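For the record, the sequence lines run as chains P and E.
The first sequence begins at 1 in the working numbering and counts up one residue at a time.
The second sequence begins at 1 in the working numbering and counts up one residue at a time.
Hints should not be assumed to be uniformly reliable.
Unchecked claim - Over the 12 angstroms line for every Cβ pair with chain E, so calculated as not near, a few chain P residues:
1. Thr176
2. Gly385
3. Ser463
As the list claims (entries may be wrong) - With the Cβ distance kept under 8 angstroms, some of the chain P side facing chain E (calculated, not the full set):
4. Asn158
5. Leu239
6. Gly240
Unchecked claim - Reference excerpt, derived from the structure (chain P facing chain E, CB under 7 angstroms, subset only):
7. Ser95
8. Val97
9. Glu101
10. Thr163
Don't read these hints as lab results, they were simulated from the structure.
Since the model is a prediction, treat every value here as computed from it, not as a measurement.
Note that CB positions come from ideal geometry on N, CA and C, so glycine has one too.
Single-letter residue listing:
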Amino acid sequence: MKKKILALLLVLCLGCSLLTACGGKTNNGPTGKDTPTGSDRAAANEITVGIAQDLDESLDPHKAVAAGTKEVMFNVFEGLVKPDKDGNLIPAIASEVNVAEDGGSYTFTLRDGVKFHNGEAVTMQDVLYSINRNADDSAGEPLIPALSVIADMTAEDNRLTVTLEQPDSDFLAYMTLAILPENYDKQDTAPVGTGPFRFVSRTAQDSIVLERFADYWGAPAKLDRVTYKVIENAQGLLLGLQSGALDLVSHLGSTQTSQLSEKDFRIEEGTMNLVQALYLNNAEKPFDDVRVRQALCYAVDKQAVLELAFDGYGHPLGSSMFPAFGRYFDGSLTDYYTQDTEKAKALLAEAGYPDGFDMTVTVPSNYQPHMDTAEVLSEMLGAVGIRVTILPVEWSSWLSDVYGGRKFQSTVIGVDASNLTADALLGRFYSTASNNFTNYSNAEFDALYEQAQNTFDEDAYTSLVLQMEKNLTENAANVYIQDMADLVAVRKGLAGLQFYPLYVLDAASLYWADTAVS
Amino acid sequence: MKYAAKKIGMLVITVLLVSFLTFMAFQLISGDPAETLLGTAATPERVQALREELGLDRPFLVRYGSWLLGFLTGDLGESYSYRQPVWELVAPKLASTAALTGISFVLITLLSLPLGVLSARVRSNVADGIRTAFNQLCMALPPFVLGVLLSWVFGILLHRFMPGDFPSLTADPAGALRYLFYAAVCIAVPRIAMTVRLLRSNIAGEMQKEYVLAAAARGASPTMILRRHVLKNVLLPTVTFLGQTMAEIIGAAIIVEQVFAIPGIGRFLVSSVANRDYPVVQTIVVLLAFWVVLTGTLAELINHAVDKRLG
Numbered sequence: 001m002k003k004k005i006l007a008l009l010l011v012l013c014l015g016c017s018l019l020t021a022c023g024g025k026t027n028n029g030p031t032g033k034d035t036p037t038g039s040d041r042a043a044a045n046e047i048t049v050g051i052a053q054d055l056d057e058s059l060d061p062h063k064a065v066a067a068g069t070k071e072v073m074f075n076v077f078e079g080l081v082k083p084d085k086d087g088n089l090i091p092a093i094a095s096e097v098n099v100a101e102d103g104g105s106y107t108f109t110l111r112d113g114v115k116f117h118n119g120e121a122v123t124m125q126d127v128l129y130s131i132n133r134n135a136d137d138s139a140g141e142p143l144i145p146a147l148s149v150i151a152d153m154t155a156e157d158n159r160l161t162v163t164l165e166q167p168d169s170d171f172l173a174y175m176t177l178a179i180l181p182e183n184y185d186k187q188d189t190a191p192v193g194t195g196p197f198r199f200v201s202r203t204a205q206d207s208i209v210l211e212r213f214a215d216y217w218g219a220p221a222k223l224d225r226v227t228y229k230v231i232e233n234a235q236g237l238l239l240g241l242q243s244g245a246l247d248l249v250s251h252l253g254s255t256q257t258s259q260l261s262e263k264d265f266r267i268e269e270g271t272m273n274l275v276q277a278l279y280l281n282n283a284e285k286p287f288d289d290v291r292v293r294q295a296l297c298y299a300v301d302k303q304a305v306l307e308l309a310f311d312g313y314g315h316p317l318g319s320s321m322f323p324a325f326g327r328y329f330d331g332s333l334t335d336y337y338t339q340d341t342e343k344a345k346a347l348l349a350e351a352g353y354p355d356g357f358d359m360t361v362t363v364p365s366n367y368q369p370h371m372d373t374a375e376v377l378s379e380m381l382g383a384v385g386i387r388v389t390i391l392p393v394e395w396s397s398w399l400s401d402v403y404g405g406r407k408f409q410s411t412v413i414g415v416d417a418s419n420l421t422a423d424a425l426l427g428r429f430y431s432t433a434s435n436n437f438t439n440y441s442n443a444e445f446d447a448l449y450e451q452a453q454n455t456f457d458e459d460a461y462t463s464l465v466l467q468m469e470k471n472l473t474e475n476a477a478n479v480y481i482q483d484m485a486d487l488v489a490v491r492k493g494l495a496g497l498q499f500y501p502l503y504v505l506d507a508a509s510l511y512w513a514d515t516a517v518s
Numbered sequence: 001m002k003y004a005a006k007k008i009g010m011l012v013i014t015v016l017l018v019s020f021l022t023f024m025a026f027q028l029i030s031g032d033p034a035e036t037l038l039g040t041a042a043t044p045e046r047v048q049a050l051r052e053e054l055g056l057d058r059p060f061l062v063r064y065g066s067w068l069l070g071f072l073t074g075d076l077g078e079s080y081s082y083r084q085p086v087w088e089l090v091a092p093k094l095a096s097t098a099a100l101t102g103i104s105f106v107l108i109t110l111l112s113l114p115l116g117v118l119s120a121r122v123r124s125n126v127a128d129g130i131r132t133a134f135n136q137l138c139m140a141l142p143p144f145v146l147g148v149l150l151s152w153v154f155g156i157l158l159h160r161f162m163p164g165d166f167p168s169l170t171a172d173p174a175g176a177l178r179y180l181f182y183a184a185v186c187i188a189v190p191r192i193a194m195t196v197r198l199l200r201s202n203i204a205g206e207m208q209k210e211y212v213l214a215a216a217a218r219g220a221s222p223t224m225i226l227r228r229h230v231l232k233n234v235l236l237p238t239v240t241f242l243g244q245t246m247a248e249i250i251g252a253a254i255i256v257e258q259v260f261a262i263p264g265i266g267r268f269l270v271s272s273v274a275n276r277d278y279p280v281v282q283t284i285v286v287l288l289a290f291w292v293v294l295t296g297t298l299a300e301l302i303n304h305a306v307d308k309r310l311g
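Extracted from the complex, chain E is given alone in its bound form:
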């Protein structure tokens, strides 16, 4: 219980801090929502009128306070760029991003664990060379380039999906998931490569330890040692790493959503920052902060479950 209270306390502090810093950041950079909305049609009078309408003429702390009050009472405000309640705009996009990151995470977990173990077991100069080169390539590929490449091969050459025509998640879930799958591959590839490398080096490190030698001396087969002892010890850092990955995928989603033209929160965040649409930015940033804290906590909980010694 004490643990839960501590975590919730941390969550509240993080969200508060992050939302305040975001609010502050907009205070420091140039660009104003009213001026952006009015564009080249802006005149000082019109800007002033719009600023008053949007409540931007109030002092910084008052605006933050009123946002916070609204947030705590479940009112996320109205988007400046769309004049619609923020939640109505964000909710459908959140669904796309959740599906995208979900598929990515499943791909990463399902593929990197067996591949990592396998690559630790298969050791030869040739295999090492191929593996290292392939691994480096996968990690080095920027998501933007990989995204364009995947769209080209699977969208235009093979007609597996139609880049630029994302089907609605509610009207055509199967089509939407298929579309998201290719974007998810784009996010997953570099992270699978990283996880595989981590697993491999951890397993290799573990295999050098004395208990492994002792077990081998007792006549246990390498497979048995790997399964019984090594994997359990290697699992802890891997779960932590996957927890971090979970948080990171959101970052990758921002770029991938743009390449694949997926209406998700990453892409929405970028355009909202460009438009200085504070209410939308605040909401998305808080959601992301919440997500990061949550995945970190989840990874910790799993580690506790796996190893009771961590107390």
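One chain only, chain P, in its complex shape:
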């Protein structure tokens, strides 16, 4: 009998070794020479970046909408001006920008010798085409509605003068729109721009490859090639980093970064530049009552949310504005409401809910940070008698039911800014704005907003922005939580990572510090 057991065990062992043996047969050794590791890529002066979602259906920068697409294609396209890492707009395709004294017109001087990735020179025709394409309202709403402020454009030699209907301090921010060649119709699948990297190829749900553009007008990119690898799940991204397949992954959680060895990786911390909040449907009972909304604010301890769900990472916020906006950001609002369960209960009783109420929080389940936040919030709200049901939904459903349809009670999400204008964050709280998904309706806010639209003095405008922010806080438009931390895992030896106040990854500044990477 013993012999038979031995035989069984032997066969099992054989089976196991067979499994591993045929796998290793074609391998050239423990370092896996035929698949490049981090150090091989350093020698080849290239990197592989892991991204959690595939790009938009169209790579045309005027049509692409997803933040993840802009994050990658930032390296391929440029406008007349472009943002730097401090949020300033610096000349790009225009070598010089002159603003008329009254702010009513802008003169752009085209830079000499700027070339598209297909080798053709950038002409005034291309610039006019690119701006007109975004301003065109013949098919309904233009791609950039704010461009309706343009009254006239006149081109003279290499100078373009744009005259505005009225001064607009946000105008220059829109001139970051990508300049594209006019007579080129494959922008969707084989985009051509003027940036430091040129687009090489894309494989659906697998990878995007960029290469250094040799004829770039400015400081050339240091890396020869950047490959973006699409890996949807966080565990897969982590394994990719550990195995050596990936060199850099952004937007990781603290639980993931803590699993990476300090020997191989450096964790850099930036901010996501968004406003994460428990967004409330202000038109829906009981959130149409300001006292109820305030009660929710008093029930929540932001710092505790950060500690419990984010290992302490993140920057608490008190309104729809985040620190990267500089002068527009009012830090004092963060502590406008401090946790006070008694006050919360009293407000609820006053509003007619002495025993609390039931509410649902709709959360896109593919965003773990928002799910975690909802869990913690549900505990905190429970302490003041509010019974929370978390409703996880697919991203698609969230977009159509919550964001588009406004059929929800509350949701946890992060709202970002599409450009560096205050309007990008505050415009959605104007009562009739098409993207006012929280149905916020406040006469004072609307008046401030309208006034700001007609204010061209920089200081006066800033003051109005600050008042709008304060209005949102005082009326507890939403339960503001934080600007989430952006944790980036970077392979040791890879340097030059820069954080922007926008959702972009500047690959042109990255470089391998020394090729002797372990």
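Using the hints, position chain E against chain P.
Coordinates of chain E only, in the frame set by chain P:
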């Protein structure tokens, strides 16, 4: 011939039914391709314009009809998420998945048959205990956990392959197959355990039958009885089971492809459902339905070949 006609008829009905139900399912759940594509940049006008561009403003039955017409004439349409012909997108992914499931099936068949027979023959309390425990463990391990475990051990500790860096099947077939091998193990392990258990209990059941006793009485050795009589009878349910397994592996591939970051149709199906990319979903679902019917038919044909009595 009659048999072939019946099977083809069944295939057509299945594909029609499945494609219609999938189309209908998307009608019932919330989420719209245009809204998903436009994301937070969506405005009612833009959504409307895109819906018209994609032909989503037409009534449900008209859309299904036009899809069916296209499908029958070999035009699978264009993906909403990639603006490329569906077939161009699906074909290379189909190759990865076919290779993955192929390797899995070979592993299952090659390992479970001898292991099953062996485990039926080796009987003792200790061996039974070990075997049952090991078997249960293998069956209970979720593919996701097993996948992460295998990636850790063979990818990160032993450097046998590089998780997250799937080599192209056309450019580096050897590397791609090696990579797929570990993913295939992940799919195969629980199914080998199931097949072994099935074989073992069937053999044990068969061994109790009278013809075995009769053969033993005639002086035939246990090995001879097993080879000559029992195996033949046990083979039928096993082939049927393996046929089912063949269909099931595709389901497991959906999860395994995600853990191992393999660009296959399972992973593509998941993301296409999330994006409401109907043309891609329809194509993959029809391919899967076709596959399930085909494997079932194959198992039946093999059974017929083995045992003529089944008529």
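Exercise for review: Grab the minimum C-beta distance from Ser95 (chain P) to chain E and call the hint holds if it beats 7 angstroms, violated otherwise.
Suggested key: Hint violated; Ser95 (chain P) Cβ to chain E Cβ min 31 angstroms, cut 7 angstroms.
Review point. If you take the shortest Cβ to Cβ gap from Thr163 (chain P) to chain E, is it below 7 angstroms?
Key: violated (27 angstroms)
Exercise for review: Closer than 7 angstroms between Cβ atoms is the bar; does Glu101 (chain P) clear it against chain E? Give me holds or violated.
Suggested key: violated (35 angstroms)
Review point. Taking C-beta pairs only, is Gly385 (chain P) more than 12 angstroms away from all of chain E?
Key: The claim stands: Gly385 (chain P) keeps its Cβ more than 12 angstroms from every Cβ of chain E (closest is about 31 angstroms).
Practice item. Determine whether the non-interface label on Thr176 (chain P) survives the test: each CB of chain E must be over 12 angstroms from its CB. Key: About 16 angstroms separates Thr176 (chain P) from the closest Cβ of chain E, which puts it past 12 angstroms; holds.
Point to revise | Given hint Gly240 (chain P) near chain E, where the shortest CB pair must fall under 8 angstroms | key: holds (3 angstroms)
Check your understanding: Taking the least C-beta to C-beta distance, is Leu239 (chain P) closer than 8 angstroms to chain E?
Key -> holds (4 angstroms)
Point to revise | No chain E beta carbon within 12 angstroms of Ser463 (chain P)'s | key: holds (28 angstroms)
Point to revise | Restraint satisfaction for Asn158 (chain P) [CB to CB of chain E, less than 8 angstroms] | key: violated (33 angstroms)
Point to revise | Residue hint Val97 (chain P), partner chain E, criterion CB-CB below 7 angstroms | key: violated (27 angstroms)
The structure shown violates the earlier hints numbered 4, 7, 8, 9 and 10.
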